[in-house]
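Q: These protein sequences, in sequence, are chains A and B. For the first sequence, our numbering assigns the number 9 to the initial residue and increments by one for each residue that follows. For the second sequence, our numbering assigns the number 19 to the initial residue and increments by one for each residue that follows.
Just so you know, these hints were derived from the structure itself, not from any lab. As the structure is a prediction and not an experimental result, all values here were calculated from the model. Cβ atoms here follow ideal geometry from the backbone N, Cα and C, with glycine treated the same way. One or more hints might be untrue.
To be verified - Taking CB as the label site, the calculated pair distances span:
1. B:Asp-222 to A:Ala-226: 31 to 41 angstroms
2. A:Arg-92 to B:Arg-200: 32 to 42 angstroms
3. B:Arg-96 to A:Asp-21: 23 to 33 angstroms
4. B:Thr-40 to A:Arg-171: 18 to 28 angstroms
5. A:Gly-272 to B:Gln-248: 32 to 42 angstroms
6. A:Gly-36 to B:Arg-96: 29 to 39 angstroms
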Amino acid sequence: MQRIPYGAAVRADDNPWLPLDHELRAQGLRAAGAPPVRAVVCVTVHVDGPAVEVGRKQFPAGPYTAGRYAIRRGVPRHLEILARHRMPATFFACGYDVEHYPATFHAILAAGHEIAAHGYLHEAWDLGDEEPALLAKTHRIIQQELGVTPVGWCSPSGRKSHRTLPALRELGYCYDASEKDQDRPYLADGDDGFIMLPNNTVSLDDYPFYFSGHSLAAEACDNWVQEFEALRQAEGYVHLTVHPKAAGGSGTPARAAALDRFLGHVAAQPDVHVMTLEALARHCLAHPDNWRRA
Amino acid sequence: MTAPKTVLVTLNVQGIGPEAATQPETALHGRDAHGRYTYGGGLARVLDMLRRQGIRATLFWPIFEAERCRDLLEQSLRDGHEAASQGNAFEDLSALGDREAEVLERARDRLTQLTGIAPQGFRYTSSAFSARTVPLLRQLGYRYDSSAIDDDAPYALDADGGAGMVELPWSEGLCDATHFSRRVTQDRAYAHWVEQGDALLAADGYACLTLHPRADHGVGRAARLQKVEQLLERFRAAGAEFTTGGDLAARALRQARAVIG
Numbered sequence: 009m010q011r012i013p014y015g016a017a018v019r020a021d022d023n024p025w026l027p028l029d030h031e032l033r034a035q036g037l038r039a040a041g042a043p044p045v046r047a048v049v050c051v052t053v054h055v056d057g058p059a060v061e062v063g064r065k066q067f068p069a070g071p072y073t074a075g076r077y078a079i080r081r082g083v084p085r086h087l088e089i090l091a092r093h094r095m096p097a098t099f100f101a102c103g104y105d106v107e108h109y110p111a112t113f114h115a116i117l118a119a120g121h122e123i124a125a126h127g128y129l130h131e132a133w134d135l136g137d138e139e140p141a142l143l144a145k146t147h148r149i150i151q152q153e154l155g156v157t158p159v160g161w162c163s164p165s166g167r168k169s170h171r172t173l174p175a176l177r178e179l180g181y182c183y184d185a186s187e188k189d190q191d192r193p194y195l196a197d198g199d200d201g202f203i204m205l206p207n208n209t210v211s212l213d214d215y216p217f218y219f220s221g222h223s224l225a226a227e228a229c230d231n232w233v234q235e236f237e238a239l240r241q242a243e244g245y246v247h248l249t250v251h252p253k254a255a256g257g258s259g260t261p262a263r264a265a266a267l268d269r270f271l272g273h274v275a276a277q278p279d280v281h282v283m284t285l286e287a288l289a290r291h292c293l294a295h296p297d298n299w300r301r302a
Numbered sequence: 019m020t021a022p023k024t025v026l027v028t029l030n031v032q033g034i035g036p037e038a039a040t041q042p043e044t045a046l047h048g049r050d051a052h053g054r055y056t057y058g059g060g061l062a063r064v065l066d067m068l069r070r071q072g073i074r075a076t077l078f079w080p081i082f083e084a085e086r087c088r089d090l091l092e093q094s095l096r097d098g099h100e101a102a103s104q105g106n107a108f109e110d111l112s113a114l115g116d117r118e119a120e121v122l123e124r125a126r127d128r129l130t131q132l133t134g135i136a137p138q139g140f141r142y143t144s145s146a147f148s149a150r151t152v153p154l155l156r157q158l159g160y161r162y163d164s165s166a167i168d169d170d171a172p173y174a175l176d177a178d179g180g181a182g183m184v185e186l187p188w189s190e191g192l193c194d195a196t197h198f199s200r201r202v203t204q205d206r207a208y209a210h211w212v213e214q215g216d217a218l219l220a221a222d223g224y225a226c227l228t229l230h231p232r233a234d235h236g237v238g239r240a241a242r243l244q245k246v247e248q249l250l251e252r253f254r255a256a257g258a259e260f261t262t263g264g265d266l267a268a269r270a271l272r273q274a275r276a277v278i279g
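Given these sequences and hints, build the entire structure.
A: Below, the structure written as structure tokens:
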């Protein structure tokens, strides 16, 4: 894939999503009159329930219940919004949350969304040699409790080590959504069976804006729209990250409404395709030559 | 007569270098590897934006990043930008002791080799200066430094041991990293830049805009570059002219000589 220059009009032939557009039409998944797909939007929901507090050695009751908010209120609210916009999403799950709140994750699956892995206790610290075993533990929990096999992983708090990718490959995963170095998917070096789906945590994530940036929900929504519009003129890969928890996430009514408005903006664009990370990974891996690192 | 307004557009070229200064690069992933965005499109995009705006900027290159981005360094020279020095590899100057002279000399010599011309300017924000730094810069032939934040306009560095040199101060409020490291929205960052830039230009007619090509605390993302363009167009509409650090330093030194003469 050629670099797409900033500020210049992209020629129709350079649209990186034409092969996807053709695939969707061949499968009857795109209306005959719809314009070619120019941007792909992936909505990722980091469930981050009480696993986060437990991982920090905080007893998840009383004030340490931001994660419980995700289970009680945030996830149902996100599911309702996604259903209304008819958008499939990728939900990243911690093993602990799946063990303790399986009904929440069964509801996510029943709504047609993807479940992917996100650590056992949202480990934001260096795991050393324990890391591969912990990745395997969450993998087994998701398989046993939910009857599905995850194929993707996103780093909790962005923490990842040199042990991570070998362990994920060993478990049969085909994508990692943790790097922040490109505005497009790219193949892991030397492996046509594994794709990096970078997650942009500075401009398309709710938590940094709310927790660190003290943004109003309206301001976060405006920034997401600006990012979406800029990316739609370029690489066309829009990877949104939201957290249904309280305190820094998008679960609460005002912030869920901002997410709803952003997704409404996306839904109104005829040249956009919304898909799960798994579907995107499988598409990219079916066309490896299109996704080699520039 | 209205006072002339001068805007210096400066880019601190930083990729994974700041993190790689303290950890092996093979250990940098995920949240520790935001810097690779510079190589993954951020720096090329900033150059695209400057070309669109027709602005010659001053790029402060650490040798670590210059070696890493040889093609883009050459592209920046073809585009007419100035290549100034940002030291070697994000060392702590104040902790180098007797090695400081050697490190600064190596940085100047290697940048000279890579660009074909000795750098006129120096900026360092990765550590404190030592008492030797400014005198060493003078010995190495630098005409200006741009590391200080202690004035609204250029001033002579004679009192700091830099006889014949000028300081071109940068402004932390007119810098992307100041605001984006706090994870504000880009509209909020833009509002800060407008407040700071308008007032600086009104005060002494000088404003130094400092940008970074990274995505986390910089403007390498296309959406953020649109905000930078809006800001540059605002300054232009207010009558500002854009210049490089080298040209401004030469002008300041000429004026100083004229006053003395």
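Q: Go ahead and decide if the range 18 to 28 angstroms is satisfied by the Cβ distance of B:Thr-40 to A:Arg-171.
A: 21 angstroms, holds
Q: Has the hinted range 31 to 41 angstroms been met by the Cβ atoms of B:Asp-222 and A:Ala-226?
A: Hint holds: Cβ distance 36 angstroms, inside 31 to 41 angstroms.
Q: Is it true that the C-beta distance of B:Arg-96 to A:Asp-21 lies inside 23 to 33 angstroms, as the hint says?
A: 27 angstroms, holds
Q: Between A:Arg-92 and B:Arg-200, does the beta-carbon spacing fit 32 to 42 angstroms?
A: Holds, at about 34 angstroms.
Q: Between A:Gly-272 and B:Gln-248, does the beta-carbon spacing fit 32 to 42 angstroms?
A: Roughly 26 angstroms apart at Cβ, these two residues miss the hinted range, so it is violated.
Q: CB of A:Gly-36 to CB of B:Arg-96, is that within 29 to 39 angstroms?
A: At roughly 49 angstroms between Cβ atoms, B:Arg-96 and A:Gly-36 fall outside 29 to 39 angstroms, so the hint is violated.
The structure does not agree with the numbered hints 5, 6 stated previously, though it agrees with the rest.
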